[in-house]
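Asks: If you count the sequence shown from 1, position 143 lands on 143 in the UniProt record's numbering, and the numbers rise without skipping.
Please keep in mind that the hints were generated in silico from the structure rather than gathered at the bench.
Errors might be hidden in some of the hints.
To be verified - Cross-link-like lysine-lysine pairs, in silico, DSBU-like; alpha carbons within 30 Å at most: (1) K193 <-> K84; (2) K69 <-> K167; (3) K47 <-> K16; (4) K163 <-> K225; (5) K232 <-> K16; (6) K290 <-> K84; (7) K163 <-> K232; (8) K84 <-> K94; (9) K57 <-> K47; (10) K117 <-> K167; (11) K69 <-> K90; (12) K305 <-> K94; (13) K57 <-> K117; (14) K61 <-> K159; (15) K290 <-> K314.
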Amino acid sequence: MERIRNLIKGDYFEPKDIPFPICVEVDLVSGCNQGCRWCQFKSWRKKNVFIAAEFLKSIFKDLRFGGTKAIELVGGGEPTLHPKIKEIVKSATKSGLEIGLITNGLLLPRIFSIANKLKYIRISLDAATSETYQRTHYYFKNQAKEKKTQIIEPFLLIKENIKQLTKLIDRQKIGIAFLVTPWNYQEIESATKLAKELGAGYIVFRPANLRKGRHLKGCWEVIEKSLGAAQKYTNRNFRVFRSTASRWNLARFKKIGKSRFVGPCFGSLLFGVIEANGNIPFCNIFRDNKKYRLGNIYDSQGSFKSVWQSVRHKRLLERHNIERCGTICKAKDYLLAIKQQKKNSLIKNKDKCDLAHVNFV
Numbered sequence: 001m002e003r004i005r006n007l008i009k010g011d012y013f014e015p016k017d018i019p020f021p022i023c024v025e026v027d028l029v030s031g032c033n034q035g036c037r038w039c040q041f042k043s044w045r046k047k048n049v050f051i052a053a054e055f056l057k058s059i060f061k062d063l064r065f066g067g068t069k070a071i072e073l074v075g076g077g078e079p080t081l082h083p084k085i086k087e088i089v090k091s092a093t094k095s096g097l098e099i100g101l102i103t104n105g106l107l108l109p110r111i112f113s114i115a116n117k118l119k120y121i122r123i124s125l126d127a128a129t130s131e132t133y134q135r136t137h138y139y140f141k142n143q144a145k146e147k148k149t150q151i152i153e154p155f156l157l158i159k160e161n162i163k164q165l166t167k168l169i170d171r172q173k174i175g176i177a178f179l180v181t182p183w184n185y186q187e188i189e190s191a192t193k194l195a196k197e198l199g200a201g202y203i204v205f206r207p208a209n210l211r212k213g214r215h216l217k218g219c220w221e222v223i224e225k226s227l228g229a230a231q232k233y234t235n236r237n238f239r240v241f242r243s244t245a246s247r248w249n250l251a252r253f254k255k256i257g258k259s260r261f262v263g264p265c266f267g268s269l270l271f272g273v274i275e276a277n278g279n280i281p282f283c284n285i286f287r288d289n290k291k292y293r294l295g296n297i298y299d300s301q302g303s304f305k306s307v308w309q310s311v312r313h314k315r316l317l318e319r320h321n322i323e324r325c326g327t328i329c330k331a332k333d334y335l336l337a338i339k340q341q342k343k344n345s346l347i348k349n350k351d352k353c354d355l356a357h358v359n360f361v
């Protein structure tokens, strides 16, 4: 909460004063073992790049010294594909950082031995049935055509992996992620029931950001009804969440857009990103965007500080207009929260908040 107080003051106008992010998303690999229909990172996967584990050791120390609290293994590819993921997790925790993992769950056994070191493990399931899962996740048409074989359906494997994981760590550390799309929105309630039966501690729903005109228009009534019905599965051991993302509420999003925040995008300062190739973008929605690239950890000899607290970052903060980001920008939600906290002094009520994942913004 102290970081929020400092952001509200708006004192950061020199590179050396730019605060380290609370949480940093680290893309361990650019490749993936799935091909989700809605994935915005498909174009990056022409070349499979693994981030160097030895560089991350110095990066983690740099981050911890600068005030960063947590690392989230997520991003452009599937984290569990990295051959040194266990070494990386141990290195992060040894540096004093909390670490979370978001995975598709196919290779969960690879991290079973270090699962207890993770703050949470969230599996992107996005379906309640094998048919829906295969239709939306395993979209490797070319691969199937080349091999002239039917693609192996992984849904049962992932469910079994989750069951095994529940035997190793507290169920409250295990979450199921469900990205709502036109292909799966009718399975919201059944997915909630499944998540609870598998032994997860929670399920979280958030809307997809779909391109080429595909969206959830016409589905909202069913979605809202299903999200309401899903709440009946909530108890002391299992919870149902819906993302606070502005994409759920278009009226709220318009309110954010019209407010025309002036000055630095304070929301982007709360979280950072390190891509698999070492690039550090201005914000998570600007992955693989040269225009918004701050620098590279390899060029900086493993120093996050020299890239983050740079003149280039300062200039981008000064000239960037938050309205350019569109509906996928989570920084807008943080900006609105900061504004509301300043107006209503909600910042004083932090004890009323759920602090389980407070460092993962």
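Asks: Would you check the hint for K117 and K167, treating anything up to 30 Å between C-alpha atoms as holding?
Replies: holds, 15 Å
Asks: Below or equal to 30 Å on CA atoms is what counts here, so check K69 against K90.
Replies: Distance of about 15 Å is within 30 Å: holds.
Asks: Does K225 sit within 30 Å of K163, going by the straight-line distance between their CA atoms?
Replies: holds, 29 Å
Asks: CA of K193 to CA of K84, is that 30 Å or under?
Replies: violated, 34 Å
Asks: Between K84 and K94, is the straight-line Cα distance small enough, at 30 Å or below?
Replies: Since the Cα atoms of K84 and K94 sit roughly 15 Å apart, the hinted pair holds (cutoff 30 Å).
Asks: Would you mind confirming whether the straight-line C-alpha gap from K47 to K16 stays at or under 30 Å?
Replies: violated, 35 Å
Asks: Quick one, are K232 and K16 close enough, alpha carbons at most 30 Å?
Replies: Given that 30 Å is the threshold and the Cα spacing comes to 50 Å, the pair is violated.
Asks: Below or equal to 30 Å on CA atoms is what counts here, so check K290 against K314.
Replies: holds, 16 Å
Asks: Does K290 pair with K84 here, judged by a C-alpha cut-off of 30 Å?
Replies: holds, 28 Å
Asks: Compare the distance between the alpha carbons of K61 and K159 with 30 Å, and conclude whether the hinted pair is satisfied.
Replies: violated, 36 Å
Asks: Against the 30 Å threshold, does the CA-CA distance of K163 and K232 hold or violate the hint?
Replies: holds, 22 Å
Asks: Quickly compare the C-alpha distance for K57 and K47 to 30 Å and report which way the hint goes.
Replies: At roughly 24 Å apart (the allowed maximum being 30 Å), K47 and K57 satisfy the hint.
Going down the numbered hints, you'll see the structure goes against 1, 3, 5 and 14, while the others check out.
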